[in-house]
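Enquirer: These are the residues of each chain, in order.
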Amino acid sequence: EVQLVESGGGLVQPGRSLRLSCTASGFTFRDYAMTWVRQAPGKGLEWVGFIRSEGYGGTTQYAASVKGRFTISRDDSKSIAYLQMSSLKTEDTAVYYCTRGSRIHIWLDSAYWGQGALVTVSS
Amino acid sequence: DIQMTQSPSSLSASVGDRVTITCRAGQSIDKYFNWYQQKPGKAPKLLIYAASSLQRGVPSRFSGSGSGTDFTLTISSLQPEDSATYYCQQSYNTPYTFGQGTRLEIK
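Sequence order for the protein chains is R and V.
Sequential numbering from 32 applies to the first sequence in the working numbering.
Sequential numbering from 700 applies to the second sequence in the working numbering.
You may find that some hints are simply not true.
Each computed EDC-like pair below joins lysine to aspartate or glutamate, with the alpha-carbon atoms no more than 20 Å apart [said to hold, decoys possible]:
{"id": "1", "chain 1": "R", "residue 1": "Lys-74", "chain 2": "V", "residue 2": "Glu-804"}
{"id": "2", "chain 1": "V", "residue 1": "Lys-744", "chain 2": "V", "residue 2": "Glu-780"}
{"id": "3", "chain 1": "V", "residue 1": "Lys-741", "chain 2": "V", "residue 2": "Glu-780"}
{"id": "4", "chain 1": "V", "residue 1": "Lys-741", "chain 2": "R", "residue 2": "Glu-32"}
{"id": "5", "chain 1": "V", "residue 1": "Lys-738", "chain 2": "V", "residue 2": "Glu-780"}
{"id": "6", "chain 1": "R", "residue 1": "Lys-98", "chain 2": "R", "residue 2": "Glu-122"}
{"id": "7", "chain 1": "V", "residue 1": "Lys-738", "chain 2": "R", "residue 2": "Glu-77"}
{"id": "8", "chain 1": "V", "residue 1": "Lys-744", "chain 2": "R", "residue 2": "Glu-77"}
{"id": "9", "chain 1": "V", "residue 1": "Lys-806", "chain 2": "V", "residue 2": "Asp-716"}
{"id": "10", "chain 1": "R", "residue 1": "Lys-109", "chain 2": "R", "residue 2": "Glu-32"}
{"id": "11", "chain 1": "R", "residue 1": "Lys-109", "chain 2": "R", "residue 2": "Asp-62"}
{"id": "12", "chain 1": "R", "residue 1": "Lys-120", "chain 2": "R", "residue 2": "Glu-77"}
{"id": "13", "chain 1": "V", "residue 1": "Lys-741", "chain 2": "V", "residue 2": "Glu-804"}
{"id": "14", "chain 1": "R", "residue 1": "Lys-98", "chain 2": "V", "residue 2": "Asp-700"}
{"id": "15", "chain 1": "V", "residue 1": "Lys-730", "chain 2": "V", "residue 2": "Asp-769"}
{"id": "16", "chain 1": "V", "residue 1": "Lys-730", "chain 2": "V", "residue 2": "Asp-700"}
{"id": "17", "chain 1": "R", "residue 1": "Lys-98", "chain 2": "R", "residue 2": "Glu-77"}
{"id": "18", "chain 1": "V", "residue 1": "Lys-744", "chain 2": "R", "residue 2": "Glu-32"}
{"id": "19", "chain 1": "R", "residue 1": "Lys-109", "chain 2": "R", "residue 2": "Glu-85"}
{"id": "20", "chain 1": "V", "residue 1": "Lys-806", "chain 2": "V", "residue 2": "Glu-780"}
{"id": "21", "chain 1": "V", "residue 1": "Lys-741", "chain 2": "R", "residue 2": "Glu-77"}
Chain V is faced by these chain R residues, among others (derived, beta-carbon under 10 Å) [what the hints assert, rightly or not]:
{"id": "22", "residue": "Gln-70"}
{"id": "23", "residue": "Gly-75"}
{"id": "24", "residue": "Tyr-128"}
{"id": "25", "residue": "Ser-133"}
{"id": "26", "residue": "Trp-138"}
{"id": "27", "residue": "Trp-144"}
{"id": "28", "residue": "Gly-145"}
For the record, the hints were derived by calculation from the structure and aren't laboratory data.
Glycine included, C-beta positions come from ideal geometry on N, C-alpha and C.
Please construct the entire structure, taking both the sequences and the accompanying hints into account.
Expert: Shown next, in the form of structure tokens:
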């Protein structure tokens, strides 16, 4: 059974950093691109970014709203994807989901989702 | 960025009704398009991928159609458990943008 579990959320002051982890199980992690999606309180879904599988270069892409502040990485030996968030702003307050697609290597949809991690940016 | 516009933003329908939600992309995205369902306090769930393919385990009353810029999600016979917010998403170009959501309530 595919499982994605986010951890590392919490309350953080503006301008500080926080790292989320997404621990995966039930599938061959290295074969899949992993994405991060967030949802501000009472708002819709926003795509944050993704990291390709190492077989496709392990490259990353980001939404403009987080580019230069957020970094996605992966440790295939541990089956963990990370979202390093720096220079946090109050508008980054959201539930952050990690997701996996339905196809190996190529991301075309988010077939599997974690339960989400709440990040609150406030002084 | 490719803008995704859903309509309506909300709707109310009765059990057994046929319900249609539409999504329009700001440019042609072929069939690189998905529909998700989200219930309060839960993670979204993939319903339809590649515009018209039903995700495994999703009831057959859900169907998707369209290509290019115009897409439709249809629920053939609305059930009480279908009360949720529905989102469309394009997977043609990054950023993989979502629509603003459609809140579906059961009368």
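Enquirer: Report the numbers of all earlier hints that the structure fails to satisfy, in ascending order.
Expert: Every hint satisfied by this model.
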